[in-house]
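Asker: Starting from the known structure of chain A, arrange chains B, C and D on it as the hints suggest.
Protein chains: 4
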Amino acid sequence: MNYQNILQEIEEEIQPLYKKGQIANYIPALAKINPKQFAMSIKLLDGTTYNIGNTNTKFSIQSISKVFTFTLALELYGRKLYKRVGHEPSGDPFNSLVQLEYENGIPRNPFINAGAIVTTDTLLSKYKDKSFDNILDFIRIAANDSTISFDKEVYNSELEHGFMNLALINMMKSYKNINNEISDVIQTYFKQCSIEMNTEQLANSILFLANHGINPLTNEILINEAKAKRINSLMLTCGHYDASGDFAYKVGLPGKSGVGGGIVAIVPNKMSICVYSPNLNKQGNSLIGTKALELFTSKTGLSIF
Amino acid sequence: MNYQNILQEIEEEIQPLYKKGQIANYIPALAKINPKQFAMSIKLLDGTTYNIGNTNTKFSIQSISKVFTFTLALELYGRKLYKRVGHEPSGDPFNSLVQLEYENGIPRNPFINAGAIVTTDTLLSKYKDKSFDNILDFIRIAANDSTISFDKEVYNSELEHGFMNLALINMMKSYKNINNEISDVIQTYFKQCSIEMNTEQLANSILFLANHGINPLTNEILINEAKAKRINSLMLTCGHYDASGDFAYKVGLPGKSGVGGGIVAIVPNKMSICVYSPNLNKQGNSLIGTKALELFTSKTGLSIF
Amino acid sequence: MNYQNILQEIEEEIQPLYKKGQIANYIPALAKINPKQFAMSIKLLDGTTYNIGNTNTKFSIQSISKVFTFTLALELYGRKLYKRVGHEPSGDPFNSLVQLEYENGIPRNPFINAGAIVTTDTLLSKYKDKSFDNILDFIRIAANDSTISFDKEVYNSELEHGFMNLALINMMKSYKNINNEISDVIQTYFKQCSIEMNTEQLANSILFLANHGINPLTNEILINEAKAKRINSLMLTCGHYDASGDFAYKVGLPGKSGVGGGIVAIVPNKMSICVYSPNLNKQGNSLIGTKALELFTSKTGLSIF
Amino acid sequence: MNYQNILQEIEEEIQPLYKKGQIANYIPALAKINPKQFAMSIKLLDGTTYNIGNTNTKFSIQSISKVFTFTLALELYGRKLYKRVGHEPSGDPFNSLVQLEYENGIPRNPFINAGAIVTTDTLLSKYKDKSFDNILDFIRIAANDSTISFDKEVYNSELEHGFMNLALINMMKSYKNINNEISDVIQTYFKQCSIEMNTEQLANSILFLANHGINPLTNEILINEAKAKRINSLMLTCGHYDASGDFAYKVGLPGKSGVGGGIVAIVPNKMSICVYSPNLNKQGNSLIGTKALELFTSKTGLSIF
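Protein chains in written order, with my numbering: chain A, 75 to 379; chain B, 75 to 379; chain C, 75 to 379; chain D, 75 to 379.
None of these hints come from the bench; they were simulated from the model. Any given hint might turn out to be false.
No copy labels: a pair is met if it fits in one copy or bridges any two.
Said to hold, decoys possible - Calculated pairs, SDA-like style, for lysine to any residue (alpha carbon to alpha carbon, straight line, at most 25 Å):
id, residue 1, residue 2
1, Lys344, Met75
2, Lys157, Val172
3, Lys132, Gln96
4, Lys250, Val172
5, Lys301, His235
6, Lys356, Gln173
7, Lys301, Pro342
8, Lys373, Asn343
9, Lys154, Lys356
10, Lys344, His286
11, Lys373, Gly287
12, Lys250, Ile107
13, Lys373, Ser248
14, Lys110, Lys356
15, Lys157, Met238
16, Lys373, Glu87
17, Lys94, Asn355
Please read all numbers here as calculations on a predicted model, not as lab measurements.
Here chain A stands alone, though its shape is the one from the complex:
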């Protein structure tokens, strides 16, 4: 299949959508980004790469970081992790407190904010003040790129405006589902959200999930096969907050979005994909990114279903 042609078709077809959606405005450092951007990268298991658009532009990975911290925590703790964070879709927005209260501080899954904060807390219990370094190292190894880092301005902006996340973490602490100091956990969490990459780096970093846990380009084993499949399943059922069902329905691929405008997705045994466009739909997922992936699976028939 001629993926480059397909990317060009997609780029044309998404043009009318630039005026739709809205940039993430609850973090000032994100609110000032130029919304009219689009980039998409495809990485096959053999390393072949297809790019279109602003694929050199780095952006904040935000919630895409949850895939990496969950991978690390699942590797460390296995099934024990499920006592502290579930693996069911929540049916609610990414920062909802309601379900958390009814369920005594145990978040539904690691891809909503509360669940990702608990996941980061489990890493702090192991890696202490080296936690963020470990997270960053893991991502660098996964992407085979030691230049990846985080954006201090975004990080500070999140720290200053992270009231809802502080509400979540305090609530979970009151239910004894946070074991470390709130300030340590929240700083690590905001740092991981502030990591920046471009679409090709992200496509590289996620390729191991299309290949049973092994980066096929470096042969680095990042997680075992059974766990890699479970992470993919979780991306499919929970990767897009309360639009996860819609994403599975229209795109049909395991994926994870971030409010920075990025979405990663994988086609098992074939490729990883990353798309970027900053305007978000009302569920907080990249509007053009979602459409681009829907067009991609329509044109290629590469849905997992």
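Answerer: Just chains B, C and D, lined up with the frame of chain A:
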């Protein structure tokens, strides 16, 4: 792969689980079934069949019927259907009223009771008093078996004890999301739930979803390819109520369970599977059935992820 | 105090409010009433009466009937009644299903619809097919007026459009908190809601609650003193759905409203009051009626606080 | 009426209840208090005092402080205050986040924690770093007792374990319903909760609410009559969290409880009452205190209904 050997291994490994779970007890006609039963059927696209256990025992398909009525309604109405029923996981039990109230009588998806009742209502608007006949005919054609029918005793038992479903339908009627007479809709709905089949019949009936909408044994086109993929996606994200995430996580196949003890699942482009065992876990899905499918994908590596 | 003057002042001051609010439109028979009506009656313990406006106009008492059925049920069952219906404010609209689901079919209080339906069910267990006759007789004795009856057109209109109440009663039946046939309970409930009276009749009928349970004009003992106080307390905390706090805050009297546009209130040891005006505020209470009572306690200082 | 005799009868009748209930255990400094204590003070408008039990024992007033801060804020802001905190019963526990999320960070009333925190925030906007001094001064003037102070150990214990309150305040901050620094607001809030008094001091401090806003012993005007009535109404409908209806039903007096074991109540135009006993019922109100007040109104007939 030697599927017959795998079925035998599964049958041995699930033995210790017979004492766990509980039979559906809210419908008297179901409550009296012998819980110590197990059957599993695999049907490849070429028609090869593998059976184990009581594969001649007919049982009530219950919520598995939702797959067929949704297929019919999606074929009839296409996207228009989404105005009346969504396609997001609900994160709640199968009969919850809470979400329905917050969302003004629009059910989250067609695989929870409220959504299936709306789906049946859309069929009544088209087929009037021939609605149940059409549903049954569709299933007979899908399974290529004209002997399939419904169990009158189960049907009457449901009618007498269906208060929660009557609560749901009355609520949706108050939100104007039911267009036909409540008694007509509810009778049709309970009849479809009371259809009985054995595991091989069910595996046959669902095979079209493993083959892009076409029954490969009869070449009958039951729905187009794009829609077949969407039905599969919906089974993955919503097929098991508030255990849908767990099923996707552990089994990794699109599937749909019924409180009668049956579960159907498909491996795209390869096969359909049906398993039966009446005891349910606390989310209302066959306990042994879920475990058997988990063992199946572990042993074969046939997860979609 | 010159109550007639005060009523005249109130009538003048509420004039600008006729254009506000909206008539109950979910029951067609109520929707066609002329909204520009106002009537208010005061009845002192010695029988002195003050009237203003259309005090001869009969209207549907609707939820005001809940006070009478609760009085009857409390007299019959005493504390045992609390096992089936609570006495806490619900904080939710009059017909909410959410709380009912979380609390397993036990309504918060007898003045929301679910609670009143349970109350009527307890009367059916005692009075069988004489239940509505008993309710009507009780009201006739309380008001000392044998001409009081119900409006068949309103009753039929409620029966045809009572889907939300049918949702509530079916849900409670599924939780085994309804003991009689759903159709019997709902018919009795809708009949009691369809009873019609004018403001003076209602002021008479409720006077016993201002006088320790005894109608001071006939010396009829309708309930004992301790229970009368508790009914008053319940009217204060729960008499106006999710505007109960606001009514207590601004008016400061035990009262109960109905969507027919009536509100009754009592000043302990002094008087009963009834006001009528059909347009409702968004919580379903008479907009002008609420304001008239607020003006009344401001002008007279007769709040219980 | 011989109030001293009545207090003695009450003290005898509550004896069997000492083994019931449980001390507040979420704040370590409160958890170590001797649970077997009882004190009750009555203060008539003419200054006559009736005491029984450990009326010299000081205890943490906790949520009773909400009455004083609300009085101060209502005096300062009048109706404008309602934009930031409502006056409806919540129907939920004292620290629930659910309702707050559905209602966009506007707490239901000033007597649940979220509402009291907003109230304190409004005082900080006016009094800046003198806020706590102002609150304490107000209480000293109300009680005519300059020795009243707060308990530093309790304050520090609350600061260390106040995760749920931090969740609430961060959530409201995210909805922009907190205008000052979170740390300033929460410190002031915990200080006011840590104020300690004995039952006679509390009865003195609250006497103004039984006398139209004026302390009858000092003639100090603390708030105007209309506002005093509204504070009383709010205590009746919202003073005891999700047991407010039950308290109104059984006791029939405006009152406010604190998890320190104290309850204050007033009989309009007659007296104030304070009762103390540390063991709490499951809604977080003094178990013996509630019973003592129920006995008091049964024996004296002094319910407002």
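Asker: Work down the list of hints and note, for each, if the structure agrees.
Answerer: Tested hints:
no.	hint	verdict
1	Lys344 <-> Met75	both (12 Å within a copy, 23 Å between copies)
2	Lys157 <-> Val172	both (19 Å within a copy, 23 Å between copies)
3	Lys132 <-> Gln96	within (19 Å within a copy, 54 Å between copies)
4	Lys250 <-> Val172	both (17 Å within a copy, 19 Å between copies)
5	Lys301 <-> His235	neither (34 Å within a copy, 37 Å between copies)
6	Lys356 <-> Gln173	both (20 Å within a copy, 19 Å between copies)
7	Lys301 <-> Pro342	both (14 Å within a copy, 21 Å between copies)
8	Lys373 <-> Asn343	both (18 Å within a copy, 18 Å between copies)
9	Lys154 <-> Lys356	between (34 Å within a copy, 21 Å between copies)
10	Lys344 <-> His286	both (11 Å within a copy, 20 Å between copies)
11	Lys373 <-> Gly287	between (27 Å within a copy, 18 Å between copies)
12	Lys250 <-> Ile107	between (38 Å within a copy, 24 Å between copies)
13	Lys373 <-> Ser248	neither (49 Å within a copy, 42 Å between copies)
14	Lys110 <-> Lys356	within (18 Å within a copy, 43 Å between copies)
15	Lys157 <-> Met238	both (24 Å within a copy, 21 Å between copies)
16	Lys373 <-> Glu87	within (12 Å within a copy, 43 Å between copies)
17	Lys94 <-> Asn355	within (8 Å within a copy, 37 Å between copies)
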